[in-house]
Every structure is written in structure tokens, then in C-alpha cells.
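Undergrad: As a plain string of letters, each chain reads:
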Amino acid sequence: MKAMNNNEINNVFALERLKAEFTDKILTSDEPFGLLTIEVPAAAAHEIVQWLKEDQVLRVDFLTNIAGVHYPTAENREFAVVYQLHSLVHNLRIRVKAFVPLSNPSILSLTDIYSGANWMERETFDFYGIQFINHPNLMRILNEEDMDYHPMRKEYQLEDATRMDKDNRFFGRE
Amino acid sequence: MSEFKQNTKPAVSLSQETIDGDIATLNLGPTHPATHGIFQNILQVDGEKILSSEQTVGYIHRAFEKIAERRPYYQITTLTDRLNYCSSPINNIGYVLAVEKLLQLEVPKRVDYMRVIMMELARIADHLICNSVTGVDTGALTGFTWVFIQREKIYELYEEVCGARLTTNMGRIGGFERDFTPAFHTKLQAFLKDFPKVFNQFDGLLSRNRIFMDRTIGTGAISAERALNYSFTGPNLRATGVDYDVRVMNPYCSYEDFDFDVPVGTDGDTYDRFQVRQEEIRQSLRIIQQAYDNLPEGPYHADVPEFYLPPKEAVYNEMEALIYHFKIVMGETPVPVGEVYSSVEGGNGELGFYLISHGDRSPYRLQFRRPSFIYYQAYPEMITGQTISDAVLTLSSMNIIAGELDA
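So the sequence lines, in the order shown, correspond to chains X and F.
Counting in this note's numbering, the first sequence runs from 220 upward without gaps.
Counting in this note's numbering, the second sequence runs from 176 upward without gaps.
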């Protein structure tokens, strides 16, 4: 079987359409390994994901996953919430990134658009402490409830941080 | 004292119906023989009928995503074994494909075909477990014992390729650790010859069995709209009638070379999920047959000395091989900076690897898109209004694997 590929709906077309609708809300765009990646303000992420779902041309109506990423050195954009969306009709994937600051790591929940976002957001909250506003049941999911930190943050080292044998400096990198 | 009482929530809040004995709370799990894994479901039941349920997950959470941030790339394959442990080779090869995509590495055609054979064998093993256990949950144990002999044969094939059975750690960055052995060829040919016969007998036990059909049709159904809204993928989505298959939509490992069908159901119930998996087993056999018949000659790994361990004799006799060996084992080969999402069609659906590399010895972030984790949140919706025994059946037909659920 051959993959269905609609040649008209591609990354360039999708990006132009997004830019026409949200002029100043597409902060950056990129195409790492062919996957259209856009950065949007955290306040606009919900609106853009909803628009992508409802738009009858792009029909990006499948939420593949949500990932949190921690960048401890990036000031006021310490956490990234990465949404990967997929248009099953056009086989077009879009990655939407929104950055939130450590001081107020909060973003609107997508649970009103995608039921599947529920546990993905709970997982992201559990591991990174990102608050999803309007989430119906934002509590820890994989870790125990009385844990008082968010373990995937970079400050929690997996091994003894003083261990020297795996230090980058010994391999000419720093 | 009265003030103190006001600030304390009662430990258990009981509704009037519960006090009257109309509604009971039932803990199904965490360890219950019918759940085939560590799943806790707190059910509110009226007699035998389920009114609502709440799940607790995370009992075997092992922090794989955190551990992966500290391990060199080649050591992460062992973590992926333990996700969906019913089809470890798919996880292993899926991860290796993500790394190869990051390295922009081309592998020989033979490697693609070898990988396809191993992944489809794993899919057969995975679906066999799911379907035979669904049979067990309806009271039919015979089919289960029958196909487990064949699953054993698949595990013997794994052993020929990687030496392990369950946690296979199969495949390397660039290809395979060794070529298919002569014993593998003999065993695979025997399997391809014997399996269809046994499988048809198994199919005959259940597919058109009146009792099985009565028990499974309409049990744990979900509509295509709801399934898509819950981000379902794989057999559970296809049972609702949506023909999304990663192998067809975004072919990897030369899947475009093979002729196979994507079976779909109509109602998204337990019977459709069973039938979709049954048909997928047949299609997997077709793919294996095609890949094996057309297995190209050539090397079984790509020529990437930076990532593929040199042969032991070379390590002891050649300076260069020794250096590469050391660098690979210490995990000190530079990896490009980049951001990759790569997915494969796992036993349960789209198994994705979201990998961010900052050029260090370990990934900066590696996230697993685990289909079981995403499916399982739809479970309450699927069992509300059904009976407890239907809930057990729905759980086994969804093929929730605890390892994949909890990562």
C-alpha cells in the first residue's frame, strides 16, 4: 500500500494559512526533520490548537502527544509545553511549542478540545509542575500523591552530581 | 474543638445511596487475577452494573524518561524493552529508528527487511497474547494454551537473533548485532509453515463461537469520534473504523515495499478489536513471507564505525577499532543537535519517540508516546453501564500493558 499524500496541503501551505490567521502569534517557525514546528505565546496556544482542529482546510484534529521540557538556563521561558498534532486526512504533522516561565508555569488546558489531553497534561504536571488552567482533575498520575517536587526538572540529578568520571570536561567538551 | 472539626474533611464521604446499600464501592485491583497486571479500578456499582469508575495508575512507574537523560544513546534500548514487554522488538527498533533519524543514517535494505520480519513477529506475539487472553476472560482457556506454543516459537526466533526472549534489546544503531543464523532460517521456515494451521484452529475456536460472540459484541464499545478525541491509535482505533496505520501513513523500514491490508472494524467493541487483531496477525504473516522471500543480500548493519561496535578480533588487533570500541562503550561519540519525532506502529498503536538532543552523551529529553497510557483514560467511559465481567473483558481486549502504561 502506498501512503496517501495530498500534495497541496504541505508544511508551507499550512504555515502560510496559520500566519494569515494569527499574524503576530506565530513567534517562530522551523522544520526540523520535515516536521513543521511553530512557537506560539502560551496565552494563544489553546486558541490556535482549537482553530487547527476546527479549520476545514487543514483539519489538524488529532492530538498525538504532549511533552514538557525544562530549560533551566532560559530566563522567563524555563518550561516548554510541546503539543504534537496530526492531520490524519492530509498526513500533516504540526508541533506547537509554548514557553512558560518558572515564576508562573501555567497554560490553558486542552481538555475541552481533546479528551485525550487529560492524562497527558496530568503527566506533564506531575513531572514538571506546569499548571493547566481549567483542567478537571489536575493531580499527580504516575508518582505518589504526597511527593513534594516535580522530578523531571533538571535540578534533580539522577545520579550523584559530584561524580566525576562522566564529566564532560574530561572528554574535551567544556 | 468544634473549629478543628470544621476544618477537617471526613475521611470518607458517603452518599445516601451508599449508606442505604444501593450503591457499593468495589476495588478491582491493584492485584487481581482478572486484570493481568497491576491496575486499580475503584468501581461504583449498583448490583452488577458499573455506575462510574476511577483508575489509579503508576504502580510500576520506573522513571524511564528521567533515566534516559543520563544514559548514552546505545544504553536506552534496554529501557524500551520494558515498555510494552509483549512486543519488545518493536520498541527497540522504534527507538533505534528515532536515533538513526537524528543521525541521518541510511541503513542497508537488508537491515530494513530484517527489522520488518522481527517487528511483524513481535506484532503476532503481541496480538496472540491479547486475543487469547480475551478468550480466557470469556472462559475459553483452550485457545490460550494452543497459541502459546506458537508464541514460544516466536521467542525462540528472538533468541536466535539476540539471545534473549522477553527483554530483547534487539537491534543496534545502524542495524543488527548479528546476521540471521542458519538455525533462524530453519525455525522461521518451520514457523511460517506451521503457524497458519494452528492459528486457523484458534480462530475456529472463537471467531464464530456463539458464546464468545454473545459475550463480546457490544461490550466496551467506543465510537470513532470519541476514539479519535481520546487520541486512540492502533488496533483499538481501527476497530472503530478509522484506518490509521503508521506503517501505511508514514512508512519506515521500507514498509512501502510490501503488499498488505489494514483491517478495520465498525463498532469499536470487544469483538471488533478481537477481529481486527486476528486479521492483523494474518497480514503480518503476509508481510513476513514477502520480506523473507525477498530478503536482499548484503551487510546486516550500516557502515557507521562511530556507533556500531567493531568485531572483537578487530578491537584487539587494530588501533582504530579499539578507539571506536572505547568511545562507543563509554558513550562518548558526539551526536548532532536536533529535535526528532519518530513513530512506529507498535503492538498497541503509534509508539512515538520525541527526542531532543543538545549534542551531549545523553538525550536532553526523550519522551515516549505510549499508546496504552493514552488508551486507558477512556476506560471509564467504555465500561460505564456495563457489568463487572464486561469491564474485565474490555480491559483485556484493549491490551493495556502495565509496563507501557506506567513507563
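Treat each hint with caution, since some may be false.
Label pairs and their computed distance ranges (CB to CB) [said to hold, decoys possible]:
{"id": "1", "chain 1": "F", "residue 1": "Gly338", "chain 2": "X", "residue 2": "Ser325", "range": "22 to 28 Å"}
{"id": "2", "chain 1": "F", "residue 1": "Arg245", "chain 2": "X", "residue 2": "Ser248", "range": "28 to 34 Å"}
{"id": "3", "chain 1": "X", "residue 1": "Glu227", "chain 2": "F", "residue 2": "Ser564", "range": "47 to 53 Å"}
{"id": "4", "chain 1": "X", "residue 1": "Arg296", "chain 2": "F", "residue 2": "Glu431", "range": "36 to 42 Å"}
{"id": "5", "chain 1": "F", "residue 1": "Gly534", "chain 2": "X", "residue 2": "Arg236", "range": "29 to 35 Å"}
{"id": "6", "chain 1": "X", "residue 1": "Glu273", "chain 2": "F", "residue 2": "Ala365", "range": "50 to 56 Å"}
{"id": "7", "chain 1": "F", "residue 1": "Tyr234", "chain 2": "X", "residue 2": "Arg296", "range": "32 to 38 Å"}
{"id": "8", "chain 1": "X", "residue 1": "Pro320", "chain 2": "F", "residue 2": "Asp432", "range": "34 to 40 Å"}
{"id": "9", "chain 1": "F", "residue 1": "Thr562", "chain 2": "X", "residue 2": "Thr242", "range": "51 to 57 Å"}
{"id": "10", "chain 1": "F", "residue 1": "Ser190", "chain 2": "X", "residue 2": "Thr242", "range": "14 to 20 Å"}
Output of the computed footprint for chain X on chain F, the stretches with three or more beta carbons under 8 Å from beta carbons of chain X [claimed, not checked]:
{"id": "11", "stretch": "232-241"}
{"id": "12", "stretch": "403-416"}
{"id": "13", "stretch": "510-517"}
{"id": "14", "stretch": "528-542"}
Since the hints were derived computationally from the structure, they do not count as laboratory data.
Don't be surprised by glycine CBs; every beta carbon is placed ideally from N, CA and C.
Undergrad: What hint numbers does the structure not satisfy?
TA: 1, 8 and 10
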